[in-house]
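Residue numbers (my numbering): 4 to 258.
These are calculated hints, taken from the structure and not from any lab test.
Since this is a predicted model, take the numbers as computed values, not measurements.
Check before you lean on any hint, since a few could be wrong.
Computed cross-link-like contacts, DSS-like style, restricted to lysine-lysine with a CA-CA straight-line distance of at most 25 Å [as the list claims (entries may be wrong)]:
(1) K118 / K163
(2) K63 / K39
(3) K118 / K192
(4) K238 / K5
(5) K163 / K238
(6) K63 / K44
(7) K192 / K229
(8) K39 / K118
(9) K192 / K238
(10) K229 / K5
(11) K229 / K180
(12) K180 / K192
(13) K238 / K39
(14) K118 / K63
(15) K5 / K192
Pairwise CB distance ranges, derived in the manner of DEER restraints [stated by the list, open to error]:
(16) K192 / Q90: 26 to 34 Å
(17) D48 / P79: 34 to 42 Å
(18) R124 / H28: 32 to 40 Å
(19) T257 / P161: 28 to 36 Å
Virtual Cβ for every residue (Gly too), placed ideally from N, Cα, C.
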Amino acid sequence: MKIATWNVNSMNVRQGHVIEWLQAHEPDVLVLQEIKQLTEKFPADALGEIGYESLASGQKTYNGVAVVSRAPATDPVTDFPAFDDPQRRVLATTIDGIRIVNLYVPNGSEVGSEKYDYKLRWLASLRDFLAAELEAHENLVVLGDFNIAPADADVYDPEKWGDAILCSPREREALGKLFDLGLTDVFRKFEHAEGTFSWWDYRAAGFRRNAGLRIDLILTSDIMTKRCTASYVDKEPRAWERPSDHAPVVAEFTV
DNA sequence: ATGGTTGGGCGCCAA
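Please put together the full structure from these sequences, using the hints given.
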């Protein structure tokens, strides 16, 4: 079982990349963030032609999430029960007996800003939502663009980045509360080269300098952690022509 | 190189 996450930064622009990547890697599940299109605009037909089913929760211009899978996705949830939010950032669904929670965590813009406050409130609601999901589903995988680098090892220049957005103590504390629920950042169960990241800023030649962060995460419940045999970043698509600023992150599991 | 690039959609906002 191969499960992957990719912030595509517009499905309109990246549809070709997604299809090419699916055909090359044949994951069982690929979750997408920032599709930036209405649900009905998601290219389910094109993905169907290469053998994938689709489920999307979109909106115009910003945000939007989708799940692409070989097997049908059932029991979708698109909102936290106690958090009224027009922004489409959540898509939880069950595939092959595994509960998949696809997240596009708010960026937060700047520490102390209104958007930062929204990010922290959103993360608090996420914690409550995931506590309930863990109660209901022992096979749980929570993945997506978390917009939080868990530790200094996930930042190209932690001294320079400091406590700025994506690394601030309150964000990392909110992420820590997800670990406290019993979720594991499964990428760190395996060996990786130093400087392995999942996002590189378009600006200032971020990718060429490997000036990146690891902010796209796969969190697993205990049973799924034990079943995980590999987790890695595929940075290849970041070097393709007109790329997303994020690379796909993958986790593989025993059946 | 402490800057600048991309996407959406048409003037800037978001990342």
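Going down the list of hints, with the structure as the test:
As the CA atoms of K118 and K163 are separated by approximately 22 Å, the hinted pair is consistent with the 25 Å bound. For the hint pairing K63 with K39, the CA-to-CA distance comes to about 6 Å; that is within 25 Å, so the pair holds. Distance restraint check for K118 and K192: the Cα-Cα separation of roughly 32 Å exceeds the 25 Å cut-off, and the hinted pair is therefore not satisfied. Between K238 and K5, the direct Cα distance comes to roughly 17 Å. Compliance with the 25 Å bound is thereby established for this hinted pair.
Between K163 and K238 the CA atoms are separated by roughly 23 Å; this keeps the pair inside 25 Å, and the hint holds. For the suggested pair K63 and K44, the alpha carbons sit about 10 Å apart, so the restraint of at most 25 Å is met. Using a Cα cut-off of 25 Å, the hinted pair K192 and K229 holds, with the two alpha carbons roughly 10 Å apart. Proposed proximity of K39 and K118 is supported: the alpha carbons are some 19 Å apart, at most 25 Å.
For a cut-off of 25 Å, the pair hint linking K192 to K238 stands: about 19 Å separates their Cα positions. Using a Cα cut-off of 25 Å, the hinted pair K229 and K5 holds, with the two alpha carbons roughly 15 Å apart. Pair hint K229 plus K180 holds up; C-alpha atoms about 21 Å apart against a cutoff of 25 Å. Taking the CA atoms of K180 and K192, the gap is about 19 Å. The hint holds against a cut of 25 Å.
Of the pairs offered as hints, the one joining K238 and K39 holds, with about 22 Å between alpha carbons and a cut-off of 25 Å not exceeded. At roughly 19 Å between alpha-carbon atoms, K118 and K63 fall within 25 Å of each other, so this suggested pair holds. About 16 Å separates the Cα atoms of K5 and K192, which keeps this hinted pair within 25 Å; it holds. One distance hint, 26 to 34 Å for the beta-carbon pair K192 and Q90, holds here, with the actual separation near 32 Å.
Separation of D48 from P79 is about 19 Å and departs from the stated range, judged on CB atoms against 34 to 42 Å. A hinted range of 32 to 40 Å holds for the C-beta pair R124 and H28, which are about 36 Å apart. A beta carbon spacing of about 35 Å between T257 and P161 agrees with the range 28 to 36 Å that was offered as a hint.
Checked against the numbered hints above, the structure violates hints 3 and 17; every other hint is satisfied.
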